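Fit chain L to the known structure of chain F by using the hints.
Number of protein chains: 2
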Amino acid sequence: MIDKKVMDEIRKTLGKQKVFSDKEYLLTYSYDATALESPPELVVFPENEKDIQRILKIAYQNKIPVTPRGAGVGYTGGSIPLKGGIVIVFTRMNRILAIDTENFLAEVEPGVVTQHLQEEVEKKGLFYPPDPASLKTSTIGGNVAENAGGLRCYKYGVTGHYVLALEAFLITGEKIKAGSPVIKDVAGYNLKSLLVGSEGTLAVVSKITLRLIPLPQYRVSFRVDFNSLQKGAEFINYAIRNNIDPSAIEFIDRSSISAVYQYLGLSLDDQLQATVIIELDGNRLDVEERKNKFLEIVKNYDTLHCQVAETSAEQEKLWDIRRNISPALTKLNPKKINEDIVVPTAEIPGTVEYINRLAKEYDLVIPLFGHFGDGNIHTNLMLNPEKPGEMERAEIVLDKIFSHVVSVKGSISGEHGIGITKKPFMKYQFTELELELFKRLKQAFDPENLLNPGKILNFE
Amino acid sequence: MIDKKVMDEIRKTLGKQKVFSDKEYLLTYSYDATALESPPELVVFPENEKDIQRILKIAYQNKIPVTPRGAGVGYTGGSIPLKGGIVIVFTRMNRILAIDTENFLAEVEPGVVTQHLQEEVEKKGLFYPPDPASLKTSTIGGNVAENAGGLRCYKYGVTGHYVLALEAFLITGEKIKAGSPVIKDVAGYNLKSLLVGSEGTLAVVSKITLRLIPLPQYRVSFRVDFNSLQKGAEFINYAIRNNIDPSAIEFIDRSSISAVYQYLGLSLDDQLQATVIIELDGNRLDVEERKNKFLEIVKNYDTLHCQVAETSAEQEKLWDIRRNISPALTKLNPKKINEDIVVPTAEIPGTVEYINRLAKEYDLVIPLFGHFGDGNIHTNLMLNPEKPGEMERAEIVLDKIFSHVVSVKGSISGEHGIGITKKPFMKYQFTELELELFKRLKQAFDPENLLNPGKILNFE
Chain F
94 MIDKKVMDEI RKTLGKQKVF SDKEYLLTYS YDATALESPP ELVVFPENEK
144 DIQRILKIAY QNKIPVTPRG AGVGYTGGSI PLKGGIVIVF TRMNRILAID
194 TENFLAEVEP GVVTQHLQEE VEKKGLFYPP DPASLKTSTI GGNVAENAGG
244 LRCYKYGVTG HYVLALEAFL ITGEKIKAGS PVIKDVAGYN LKSLLVGSEG
294 TLAVVSKITL RLIPLPQYRV SFRVDFNSLQ KGAEFINYAI RNNIDPSAIE
344 FIDRSSISAV YQYLGLSLDD QLQATVIIEL DGNRLDVEER KNKFLEIVKN
394 YDTLHCQVAE TSAEQEKLWD IRRNISPALT KLNPKKINED IVVPTAEIPG
444 TVEYINRLAK EYDLVIPLFG HFGDGNIHTN LMLNPEKPGE MERAEIVLDK
494 IFSHVVSVKG SISGEHGIGI TKKPFMKYQF TELELELFKR LKQAFDPENL
544 LNPGKILNFE
Chain L
94 MIDKKVMDEI RKTLGKQKVF SDKEYLLTYS YDATALESPP ELVVFPENEK
144 DIQRILKIAY QNKIPVTPRG AGVGYTGGSI PLKGGIVIVF TRMNRILAID
194 TENFLAEVEP GVVTQHLQEE VEKKGLFYPP DPASLKTSTI GGNVAENAGG
244 LRCYKYGVTG HYVLALEAFL ITGEKIKAGS PVIKDVAGYN LKSLLVGSEG
294 TLAVVSKITL RLIPLPQYRV SFRVDFNSLQ KGAEFINYAI RNNIDPSAIE
344 FIDRSSISAV YQYLGLSLDD QLQATVIIEL DGNRLDVEER KNKFLEIVKN
394 YDTLHCQVAE TSAEQEKLWD IRRNISPALT KLNPKKINED IVVPTAEIPG
444 TVEYINRLAK EYDLVIPLFG HFGDGNIHTN LMLNPEKPGE MERAEIVLDK
494 IFSHVVSVKG SISGEHGIGI TKKPFMKYQF TELELELFKR LKQAFDPENL
544 LNPGKILNFE
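Top line first, the protein sequences correspond to chains F and L. Here my numbering is used: the first residue of the first sequence is 94, the next is one more, and so on. Here my numbering is used: the first residue of the second sequence is 94, the next is one more, and so on.
One chain only, chain F, in its complex shape (with noise of 0.2 Å):
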């Protein structure tokens, strides 16, 4: 419980307007994309790096937790404040403080959401790739503490491959920079990769600096759908082993595209099973080129149909389909458990079908889609908890898939973090040693595990 005398400091050395204990703020603030709900005692909107480091230093001195947040829109609950405390709200901190555009970079706050940014530097030709599914809401300090992922991928890397440098306050106030504005920095020990993807845990970052790219200048398109799961799976790896460089491979299984065109109001092929969308971008010559080995590719393998999009027009259309998967597959049962397993590209056939077993013999619904040219699948187990059983064979289930990836040297999370649903699962991933480092790490940097706590292990 934070003492009335604390809030009252708090109050008083942010302003009140930064502030609140109001009951609907803490409401507002206690659950994200998880069904799980936490209330903090105090929400506070920094709108700068000193409020962040006067909210730490009085957090610190009073031994409060504090948990960061970003849009909240997490899948493992990685912004809940499971232990109450302060939940640092970041959405005040959104400006972009530069596009560099002779340095190829953006310095940004941590509120800044995804695709605003993404935006503002394509008007400047210049292209941030990372793309997480939830980039119209989501932030760049949400993204950074989960290390988010996206459809674009498995050709231009993840979120941390974009971060050259950050800067951050340290659960006692003080700040550190890591990492510089540079391609190259192998001084000292990699502070900067062990922040990014740390869920809060370690941290508070105040600043980003992004590389960026030149902007493709040419984008397609393609939808190819086969008449059983496996093809479909097989063909993604058959399609990049032929250089086509894509940069988006998703693949969608016949019960969500089913229930995307049932919320669409359209009506289905009964002999598709799978749906592949591709996207490849670059100059005009380079995409013509590879769309023509691409569409002989098809040519030799047995699909059902393939559809080309080359205007936005089109495109848009296409990847429509694959955007409305999500709100689709929450009509088909009240409750979605969202994982994102990664496995080794070569065993993703397999994976796909002992799924789809698994499904049948516990008698669940487990649409599969994803981004499935990095091995990364996303598995929504769609339950129903009214059903008698339900929820227990979906546990057994859940284990059963992270026995499975983590067998075949997947992991148990390639985009969403470990946060609180995830905690559970760490040990098939992980030897007591490992996760003994990990814990060695947390208190390097927070020895009295005042910042996020309750996440990826139970630090304590």
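Careful: at least some of the hints might be erroneous.
It does not matter which identical chain is used: a pair holds within one copy or between any two.
[Stated by the list, open to error] Below, computed lysine-lysine pairings styled on DSBU-like, alpha-carbon distance capped at 30 Å: (1) LYS150 x LYS493; (2) LYS268 x LYS502; (3) LYS150 x LYS176; (4) LYS386 x LYS97; (5) LYS248 x LYS116; (6) LYS105 x LYS229; (7) LYS386 x LYS248; (8) LYS502 x LYS217; (9) LYS502 x LYS150; (10) LYS532 x LYS300; (11) LYS150 x LYS520; (12) LYS520 x LYS270; (13) LYS502 x LYS143; (14) LYS300 x LYS520; (15) LYS520 x LYS143; (16) LYS520 x LYS429; (17) LYS109 x LYS502; (18) LYS98 x LYS516; (19) LYS217 x LYS384; (20) LYS111 x LYS268; (21) LYS480 x LYS424; (22) LYS268 x LYS116; (23) LYS324 x LYS493; (24) LYS429 x LYS516; (25) LYS502 x LYS453; (26) LYS392 x LYS270; (27) LYS324 x LYS217; (28) LYS453 x LYS384; (29) LYS216 x LYS392.
Honestly, the hints are just simulated from the structure, not real lab data. Predicted model, so just to flag it, every value in this text is computed and none were measured.
Below, chain L without anything else, positioned relative to chain F:
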């Protein structure tokens, strides 16, 4: 001092043919590519991970320092056993364990020579881009320890971008795994990126999984000469902004190129003050398109001469100039201090001018060349220690160069690491608190400071 009984135990455990304390061995493994020297007491050649574990267990029990070593061609003394003890040489652990064309990855032991791996993966149509200048002798283990760069980093990134997973041993002899053989993995803290570039001070790497990409089909190189250093330095940013996506972009100043010409017995145009070598790679039509764009750029810029190299033979000849810089420079003066500073690309012209001014002011020979596309300026102080005051003036100049680099937000090391030689300059780039954090990280892995002691910082 290693006790005789302990030496015997190591010999007995590993077998005589893997353990040496003969004078010539101690001498051979007492130095690297710097002029520094410090002999070990024992040199061991593990042949498998069990050997590594056995050595470490005995070393840990007896508090003996351990220094892992690849080819020993580093420029900062990273593999020199500064505190004596055991050197672990990885030359016998040089197997490529797998080249996986399905999952686009290679599994290697640390002693694999970089060029050997490149040749083997290229036979299978795949590509391992990192190409440190030392690639004919340097090992993947050494590349990982220093997070080595090279010529292709502007387009392809550094060694760390290709490391998917590591197996390593802590000083206690306990094994850990870090990372997964997938592109996306956000489970737990990023141990992998922390180990990459940690210069063998945190753990001893025993196995490395590397990402491979499809081999570019086509390549073309250009050499462009300029009548002023500034024009050459500015040209690079100009070319990059024009979206030609170079796979290599190298700058050579007058004194470097004239050293090469002298070395090769050629005569050099009096007007030439700087040369830029650029390579484009990709699919045929793509390269063709960017080639035409680049020639257009050259036409609109004030250049002395532009040479296009299309065949492999022409390209080899062109790149030979670049490759001969290092040997040629050693003819200028007996002692070379080779610094690998990095600055944001827009700061290159100013930095080049600043170093030139220092060279004149302090009467020193400082040829400049390097990977200017990523801001990496190889700054070579070619010194004659017999000239009165020369070494002292070099000290002053180095100090000024590092201060300048940090003042424009660059890094004191882009490729070579800190090792021994750059320790004095760490205080320019990092605050007391940041250095303290490095110490805490070191302690999390190696609290008794037995692993490669005396490198990066004085941790004791």
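Taking the hints in turn, this is what the structure says about them:
1. LYS150 x LYS493: neither (44 Å within a copy, 36 Å between copies)
2. LYS268 x LYS502: Result: close only across copies, 17 Å inter versus 37 Å intra.
3. LYS150 x LYS176: Within one copy, since 18 Å is at most 30 Å while 41 Å is not.
4. LYS386 x LYS97: neither (68 Å within a copy, 67 Å between copies)
5. LYS248 x LYS116: Answer is neither: 45 Å inside a copy and 51 Å across each miss the 30 Å cutoff.
6. LYS105 x LYS229: The answer is neither: 34 Å in one copy and 64 Å across copies each exceed 30 Å.
7. LYS386 x LYS248: So LYS386 and LYS248 pass the 30 Å test inside a copy (17 Å) and across (23 Å) alike.
8. LYS502 x LYS217: Between copies only: 23 Å across chains, 41 Å inside a chain, cut-off 30 Å.
9. LYS502 x LYS150: Between copies only: 28 Å across chains, 42 Å inside a chain, cut-off 30 Å.
10. LYS532 x LYS300: Both: 26 Å inside a chain and 24 Å across chains, each within 30 Å.
11. LYS150 x LYS520: between (34 Å within a copy, 26 Å between copies)
12. LYS520 x LYS270: between (32 Å within a copy, 13 Å between copies)
13. LYS502 x LYS143: between (44 Å within a copy, 22 Å between copies)
14. LYS300 x LYS520: Close across copies (22 Å), not inside one copy (33 Å); limit 30 Å.
15. LYS520 x LYS143: Only across copies: LYS520 and LYS143 sit 25 Å apart there, 39 Å inside one copy, limit 30 Å.
16. LYS520 x LYS429: Answer is within: at 23 Å inside a copy they meet the 30 Å cutoff, but 51 Å across does not.
17. LYS109 x LYS502: neither (51 Å within a copy, 37 Å between copies)
18. LYS98 x LYS516: neither (35 Å within a copy, 47 Å between copies)
19. LYS217 x LYS384: Classified as both; 27 Å inside a copy, 24 Å across copies.
20. LYS111 x LYS268: So LYS111 and LYS268 pass the 30 Å test inside one copy only (21 Å; across, 48 Å).
21. LYS480 x LYS424: within (16 Å within a copy, 82 Å between copies)
22. LYS268 x LYS116: neither (32 Å within a copy, 50 Å between copies)
23. LYS324 x LYS493: Close inside one copy (24 Å), not across copies (62 Å); limit 30 Å.
24. LYS429 x LYS516: Within one copy only: 18 Å inside, 53 Å across.
25. LYS502 x LYS453: Classified as within; 25 Å inside a copy, 57 Å across copies.
26. LYS392 x LYS270: neither (53 Å within a copy, 42 Å between copies)
27. LYS324 x LYS217: between (41 Å within a copy, 25 Å between copies)
28. LYS453 x LYS384: Neither way: LYS453 and LYS384 sit 38 Å apart in one copy and 55 Å across, limit 30 Å.
29. LYS216 x LYS392: between (38 Å within a copy, 28 Å between copies)
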